[in-house]
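> If you read the sequence shown in my numbering, its first letter stands for residue 541, the second for the next number, and so on.
Do not rely on the hints blindly, as some may be mistaken.
With a straight-line cut-off of 20 angstroms between C-alpha atoms, the simulated SDA-like cross-links for lysine to any residue are [said to hold, decoys possible]:
#1 K637 / D689
#2 K699 / Q733
#3 K699 / K637
#4 K739 / A659
#5 K766 / D675
#6 K592 / A659
#7 K637 / P792
#8 K699 / P797
#9 K592 / R688
#10 K637 / P797
#11 K814 / R688
#12 K766 / P797
#13 K739 / P792
#14 K699 / A747
#15 K592 / E620
#16 K766 / S743
#17 K613 / A659
It should be emphasised that the hints constitute simulated quantities derived from the structure, not laboratory data.
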Amino acid sequence: MSGFGECRTLTRLHLWVTLRYVGLLLALVLLTLAEPRLAPTAHAAADGVLAKIESEGVIRAGTRASAPPFARKLETGGFEGFSVDLLELIRGAAEEKVGRPVTLELQEVTPGDRLERVAAGELDIVCGITTPTWDREVLVDFSVPFFRDGTRILIYREKATGGVDLGTLDIGVVEGTTTVTIVQDQLPTANLQLYPSMKDAMSALAAGEVSGVANIGITLLGLAAKAEPRRSVVLLPRTYALAMESLACVLPQDDSPWRDTVNRVLIDMFSGVKDSNSRYDEIYERWFGRDSEIFYPLDRANRNYLSTVSIWAR
C-alpha cells in the first residue's frame, strides 16, 4: 500500500474514532440534561425533616395549650396530655432512625396558625385536635388518624331540663375549625358566635353570652372539668353526634420519609387494639381511663376503626 493510501485509511479511522467520541459526549450531555428531572425528589429527601433532625437533634412540634386531655400548658411552661405522649413516641422513633439523641421542642399553636406554621417549615409536626380535610390537604399533609369522636354541643345541665331545641341556641365555636362547618350544616338555624380559642368560648358560656359550645365531645368534657367554678354539664344530642371527626397529626407537604416514620409509630401503637392489648390502650387509659380526670371509654366501634387504619401488610 502506498503512503498516500495508508494516510487516507488512517484519516478515515481517525474520523470514525472522532465521531464515536463525539457521539459518546453527546449522549453524556443528554443524560446530564435529563438528570435534573429526578433532582427535586432527591433534593426534597435530603432537605426533609429527618435530615434536619439528624443535623440539629431537635423536633419542633406544636400542640394546643388549652385542649385537655389532649394537651394543656402547665404553669412550668411545659405541656402534658394524650397528644404530647404521642409526640414523645414519635421523638423516640426519630431518635432511633437518625442514630443520635433527639429532643422534643414543644410550642403552643392555635386553630388559626397551626397549619401555616407547618407549611412554612417553622414546625415539623403538630399533633392535637386537628381534623384532616381536602382544603387543608392543599397546604399540608396528614398522618393516619389516631382518634375519632363525635361533634356535640355542651350546655349547662340546668338549662337542659324540659328539652332543648339546638336550632334556637346561641352556640360558641372556635373560628377556623371544622366544627364551624359541621354546626352550620347540621343546625342551620342556630346562631353561631366565633371565638379565637376554646378558652374564650368557654368563658363566653360561663358569662351567659352563649347557650352552648360546640366541639368534639371529649374536648368539651375536658374543658368543663377544668372550669372554675365547676358546673354540671350535658352533651347534646345525647344519643348521636352531629358528625364524626377523625383526628390526625399535621405534617409538611411532600416529605414521605418523615410521614412514613410518623405513620409507623401510630400503626405500631394500634397493634392489638381490638383485643384491648396495645400501646395505644396504655396511653389512652392514662388520659381517658377510670382513674383519669375524665372517664371516656374506648368503645368497640372506635377500636374496630383504629384497627382498620393499619392498611400495610407486615
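> Indicate, hint by hint, whether the structure satisfies it.
Now the hints, each set against the structure:
Restraint check: the Cα-Cα separation between K637 and D689 comes to about 32 angstroms, which exceeds 20 angstroms; the hinted pair is violated. The suggested pairing of K699 with Q733 holds, with an alpha-carbon distance near 19 angstroms, which does not exceed 20 angstroms. For the proposed pair K699 and K637, the alpha carbon gap of about 53 angstroms is over 20 angstroms, so the pair is violated. Between K739 and A659 the alpha-carbon distance is near 26 angstroms, which puts this suggested pair outside the 20 angstroms criterion.
A hinted pair counts as satisfied when its Cα atoms are at most 20 angstroms apart, and K766 with D675 does not qualify at roughly 33 angstroms. Of the pairs offered as hints, the one joining K592 and A659 holds, with about 15 angstroms between alpha carbons and a cut-off of 20 angstroms not exceeded. About 18 angstroms separates the Cα atoms of K637 and P792, which keeps this hinted pair within 20 angstroms; it holds. A threshold of 20 angstroms between alpha carbons decides the hint, and for K699 with P797 the separation of about 51 angstroms lies outside it, so the pair is violated.
Restraint check for K592 and R688: not satisfied, since their Cα atoms lie roughly 31 angstroms apart, outside the 20 angstroms limit. Between the alpha carbons of K637 and P797 the distance comes to roughly 10 angstroms, so the proposed pair stays at or under 20 angstroms and holds. Between K814 and R688 the alpha-carbon distance is near 15 angstroms, which keeps this suggested pair within the 20 angstroms criterion. Taking the CA atoms of K766 and P797, the gap is about 39 angstroms. The hint is violated against a cut of 20 angstroms.
For the proposed pair K739 and P792, the alpha carbon gap of about 28 angstroms is over 20 angstroms, so the pair is violated. In summary, the hint linking K699 to A747 is supported, as the alpha carbons are separated by about 14 angstroms, within the 20 angstroms threshold. Between the alpha carbons of K592 and E620 the distance comes to roughly 25 angstroms, so the proposed pair goes past 20 angstroms and is violated. Our distance criterion of 20 angstroms between C-alpha atoms is met by K766 and S743, whose separation comes to about 12 angstroms.
A C-alpha spacing of about 23 angstroms is found between K613 and A659, which places the hinted pair above 20 angstroms, so the restraint is violated.
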